Amino acid sequence: MAELLQYLVTGVGIGCAYALTGSGLVVIYRVTRVVNFAQGSFAVLAALTVTTLLGAGLPHGLAEILAVLVAGLIGLLCGLVATGKPGTTPQTALIVTLGLGVLAYAVEILFWGDQPRSFAGLAGSTGGVQTHYLLIIGVTAVVLAATALLFARTDLGRALTATAADPYAARIVGIDVLRMGLLAFAVGGALGGLAGVLITPVQQVSFDSDVALVVNGFSAAILGNLTRPALTLAGGLLLGVVQALVGGYLSTSYQSEVALIFMLAVLVARAGRRGVLEAA
Amino acid sequence: MTAVPALLTVTGATRRFGGVHALRDVDLDVAPGETHAVIGPNGAGKSTLFKLIGGQLVATAGTIGYDGQRIDRLAPHRRARRGIAIAFQDSPVFGGMTVTENVMVGAHAVTRAGPVAAVLGLPRHRREEAEIRELAARALDRAGLTAWADRPADALPLGQQRALQVARALCGGPRLLLLDEPASGLRGPERSALAGLIEQLRGEGLSILLVEHDVAFVARLADRVTVLDLGRVIARGTFAEIRTDPAVITAYLGGPP
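Residue numbers (the numbering used here), protein chains in the order written: chain A, 1 to 280; chain B, 1001 to 1257.
Worth flagging that the hints you see were computed from the coordinates, not collected in a lab. What you are looking at is a predicted structure, and each value in this text was computed from that prediction instead of being measured. Keep in mind that a hint or two might mislead.
Taking beta-carbon pairs under 7 Å as the criterion, some of the chain A residues facing chain B (in silico) [as the list claims (entries may be wrong)]:
#, residue
1, D155
2, R158
3, A159
4, A162
5, A165
6, D166
7, P167
8, R171
9, I175
10, D176
Anything over 12 Å on all C-beta distances counts as not near chain B; from chain A, calculated [as the list claims (entries may be wrong)]:
#, residue
11, R33
12, T131
13, Q203
Quick reminder that beta carbons are idealized off the backbone N, C-alpha and C, glycines included.
Isolated chain B, as found in the complex (with noise of 0.2 Å):
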């Protein structure tokens, strides 16, 4: 890229499982408001990616790097507190809460005061839950999920609970969202309303790290895309240019056209 520094760096990542490769030697970084799509056919090693920038699975090999330091032996908690918020697949809404309480939650991630002052009802408490309140309600505005904010969150349909999703993740303040397939399973109005809302932040500046099957979604939101197949990156650039190489027709089409 330019002069400026990459926000996420991931270097040479290499995981195995057993014998077989389900990554090897990827390399892929994520500009500072960039909009970075992960793309590429059924076990191509897109989840196993992500699962390693969040913190859910330890690389075999290769380092990652974020905001100039390495995050790879970090626990998933700890690179949320730096900034890298997830949304999606493998983190549903919280049953049994309600909207609101599932968006503050998010703010979990940013929180100092402890549990003494939690019980003990301090003022620095007191402060500190009137500003998630604050963040909260910003978070379901850009969501568009305010008149939803008291319902209970497993009663909402599946579009406005990946919008929650979203808006939980945002509530944390994140500077890198990484988001797993959030089209997967939508409508084509739930998928396009969606669409517009990480349209929206990625019209604000934020970072966007994205693994999504659907290729009319990653074109429409994308800057750069990678493209992984069986492990491997066989393809980079801007969306034009990796839907005409002959590697990816191939690998993600399904053969020759």
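The following block holds chain A by itself, in its conformation from the complex (with noise of 0.2 Å):
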């Protein structure tokens, strides 16, 4: 019983990342339709900057919190490259996007080089199980409930729903629609960043931890079809919790499998019904 537990809480943990990830995955596509393939470098970029931090002297908290607000200002540049060029379709941007990611990986190898790195996350155990995993729980609840707070209570909000909704509206009542995708990817790399930050004590990072992130993060987000953050949230604590239950009763190799079968049975069964991507 007590193992259960604790595979449900670390499952849970993981899956915060992985609903963060895709969360801004979510956010960004809802406001610019651009399907962002850079999103697991954020979460990358924003660990090993932390690691840097640290080692530069800055206590835990604010490099943690420093290394979020670098992830969004590269969520920022990362928008302005792939989208900044009014008339730049979706399509033409999620390939930018793919080469972003590309060049992240090499920015990272030549600063952090390519051996894996980590930093000590909260210390201790709390009924069998590390207290960081908490701590990435109570974080995770408490800024998702800020992000939904800001789309559903602010003038901001507002105006990024409403492009999300009606981009060729949203200009016409007077939205800057250009300068919301912007926001959005910046929303979308400090998720992303987060999701780094948080797991990186629990999971060694290295330059294609991206990998894991963005094809669970994924697999979240489709379950939302791409629009539904709720259900990426869902998608994401679940694909967490299987995973930790897989890799604790039958082997750990089979854990990534388990979120590339996930997307699949579900793309297959939307399939079916409607456009996955058009959907929304």
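Work from the hints to combine the two standalone chains into their complex.
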């Protein structure tokens, strides 16, 4: 029983990282219609930035927050490169983000090498589980709730939502649609960065860690048609828990296959009914 | 017009698509407080003119002045910030949002508190949020939509959706309202309800530029009418004046009576 509880908590913790990554994808996709393949790089860059900041003597907390802000800034730059030129189609922008993801590999290896890195999280354990998992869960809950509030209760959130609903009409009612897209990229970057910063103390990070995060985050987001934040959260948590259970009771080597099979199953089920990306 | 300078002045507006002139050397002005209608048969260039003023299209030649300044190179959202609001044809209500939220989006054109204030929940942002709510409530009231405030916008009947578009445009406190075929697709009672709403706004002194197909609608609302045909102005004046104009009768009504 204690074992099961452990798997559940660690699964939810890892699932939070997937949910954050997926939420970043959703925010960007809804506002810009761009599937951002550089989403995983935000996490890796933020995590590696933390290792550097800690090495430079910054205290925990401050280093993590700064790294998340850096990730937001990187997201903004990514959006500027991918969508900044007026008239760029979402398809073109998608390819640009793919290229930026590859560029990020080069930058990461250049600055941080190709060896996995990590840093300490919250020390100690609670009920047989590393306390850091509880921190992951708590921070994710607060941040996703705050993001939901930002969208629902602020002028900016309404402008973002209106842009997501109908960019052409949004422009007509006075919304700077390009700026909204860039903001979405910044928010997506920060959410991705947060995923990396939270998860690195329990899972080492290296330049190619983005693949696992983005595959799982994308699977979570696909569950919500890339447009539904609540379903994305549910999908992320589900993936994390299933993977923890598979890894715990069967074998850790099947973990990433679970995400791929899950994504395929959802896609196949959806394809029978309607186009997946267009359905929003 | 008189000594009062016009709010909107279109001078020599020309727009070519390839070799085709959609609009050729069109002059038009809207005085403060005036309701000015643009009519013409299909393909006359009405919506091209409308898009040039709103900023969705750029003129091949000619200038557009608003409130004493040229606006023809400004992006659409910058024109909105200066007080030009657009409703109807190309600006449906936003699905997935309530009626109130839709109207509140209209205030985006005049908000000042930026993303940082919003994220940090600064008092400045809270104050502005309260003001926007107030503005939205007033706009809903003016458009007669208070009873529908919390409904999903895309579930409203078409007539109410049109009223909502007006309310959304009003929420930013515009000085010039551009209405693109407000009556299209509406049935009799809905149509006259919408005409009543526009009449009320006109009574409140708002300047309105109206592009419309429906002649009865224009007759009821417009102080002045500009008639376009094949991209050119063929007549202008009060409705009574243009309805007897031979060029208008030929072009608009399809041949001599």
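Hint numbers not upheld by this structure, sorted from lowest to highest = Hint check: 7 fails alone, others pass.
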